[in-house]
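Be aware that the sequence shown starts at 14, since it is given in my numbering, and climbs by one per residue.
Hint data in this document are derived by calculation from the structure and do not stem from the laboratory. All values derive from a computational prediction rather than experimental measurement. From the three backbone atoms N, C-alpha and C, an ideal C-beta is built for every residue, glycine too. There may be inaccurate statements among the hints.
In silico DSS-like links for lysine-lysine, alpha-carbon gap of 27 Å or less [unchecked claim]:
id : residue 1 : residue 2
1  : Lys207    : Lys160
2  : Lys56     : Lys211
3  : Lys18     : Lys60
4  : Lys187    : Lys109
5  : Lys187    : Lys160
6  : Lys259    : Lys211
7  : Lys207    : Lys56
8  : Lys160    : Lys178
9  : Lys256    : Lys160
10 : Lys60     : Lys23
11 : Lys187    : Lys211
12 : Lys256    : Lys211
13 : Lys23     : Lys256
Each pair of labels, with its calculated beta carbon distance range [unchecked claim]:
id : residue 1 : residue 2 : range
14 : Leu191    : Gln168    : 20 to 28 Å
15 : Ser162    : Asp107    : 38 to 46 Å
16 : Gln168    : Glu37     : 37 to 45 Å
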Amino acid sequence: MDGVKCQFVKTNGITLHVAAAGPEDGPLLVLLHGFPEFWYGWKNQIKPLADAGYRVIAPDQRGYNLSDKPDGIDSYRIDTLRDDIIGLITQFTDEKAIVIGHDWGGAVAWHLASTSPEYVEKLIAINIPHPHIMKTVTPIYPPQWLKSSYIAFFQLPDIPEASLKENDYETLDKAIGLSSRPELFTSEDVSRYKEAWKQPGALTAMLNWYRALRKGSRAEKTTCETAPYRMIWGMEDRFLSRKLAKETERHCPNGHLIFVDEASHWINHEKPAIVNHLILEYLTNE
């Protein structure tokens, strides 16, 4: 991708593969992808944000693509994922960073902004609620319980890996293709995702993020105190109920929610101009 340079950065005892763009002396902006993506999931955001003067870094998070994939479920606890990003931030700046996360990357961003706000200037969460809201609302809200039922399947050993690999990763391909606008993900996109999924140990590592959920966080808060935030939410998300977004805004007073019509869970791909505008508006006008 034009203007993007990739490098390997040591943090928290592992090495992360990081795509970087923009002026080295610009304010640091960290983009955190979700499941089952990698840094390339931000392909529509990196250049516009870099062109706006930000030093943009988009890591392949622990277990994904070209980053290290430590063994064991404990290696993927949310506190550890947060500490990866703290270490990454401190490698690039002595200041606070802007942190933007989508899906699982948003969960890491929320956790960072809630438990270690001294590292976060502003948070932008895209189609992901605060983890405390996800944890407390899902069990008592049947529509979300049903949407999240696949997580129980992911807890099984080995079987999910075999299922997801079957027919050249057909299930993962359909998971992103059928939950978004038709033909949103091009053949080139799918090819790049499959290349990432086929990295040795990647699929198990990616699933271990879900398997570590039951281990929780040693630093988890029962409140939604957090760094200042903006939450952007595609209204047609098939995986996460709008109630989670509304409850996050209701319980987390240091920010606000913006719904976007005719957008799915993959809003940063479907509505890049709108998402980029909402990001830059928040960063420059408030």
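Tested hints:
For the hint linking Lys207 to Lys160, the alpha-carbon distance of about 24 Å falls within 27 Å, and the restraint holds. About 20 Å separates the Cα atoms of Lys56 and Lys211, which keeps this hinted pair within 27 Å; it holds. Between Lys18 and Lys60 the alpha-carbon distance is near 12 Å, which keeps this suggested pair within the 27 Å criterion. Distance restraint check for Lys187 and Lys109: the Cα-Cα separation of roughly 38 Å exceeds the 27 Å cut-off, and the hinted pair is therefore not satisfied.
Using a Cα cut-off of 27 Å, the hinted pair Lys187 and Lys160 holds, with the two alpha carbons roughly 16 Å apart. As the CA atoms of Lys259 and Lys211 are separated by approximately 37 Å, the hinted pair breaks the 27 Å bound. A hinted pair counts as satisfied when its Cα atoms are at most 27 Å apart, and Lys207 with Lys56 qualifies at roughly 16 Å. For the hint linking Lys160 to Lys178, the alpha-carbon distance of about 22 Å falls within 27 Å, and the restraint holds.
Our distance criterion of 27 Å between C-alpha atoms is met by Lys256 and Lys160, whose separation comes to about 13 Å. About 24 Å separates the Cα atoms of Lys60 and Lys23, which keeps this hinted pair within 27 Å; it holds. A threshold of 27 Å between alpha carbons decides the hint, and for Lys187 with Lys211 the separation of about 16 Å falls inside it, so the pair holds. Taking the CA atoms of Lys256 and Lys211, the gap is near 35 Å; set against the 27 Å cutoff, the hint is violated.
At roughly 38 Å between alpha-carbon atoms, Lys23 and Lys256 are farther apart than 27 Å, so this suggested pair is violated. In this structure the supplied range 20 to 28 Å holds for Leu191 paired with Gln168, their Cβ-Cβ distance being about 23 Å. Taken as a hint, the range 38 to 46 Å holds for the pair Ser162 and Asp107, whose Cβ atoms sit roughly 44 Å apart. Evaluation of the 37 to 45 Å hint for Gln168 and Glu37 yields a pass: the beta carbon distance comes to about 42 Å.
Hints 4, 6, 12, 13, counting from the list given before, are not met by this structure.
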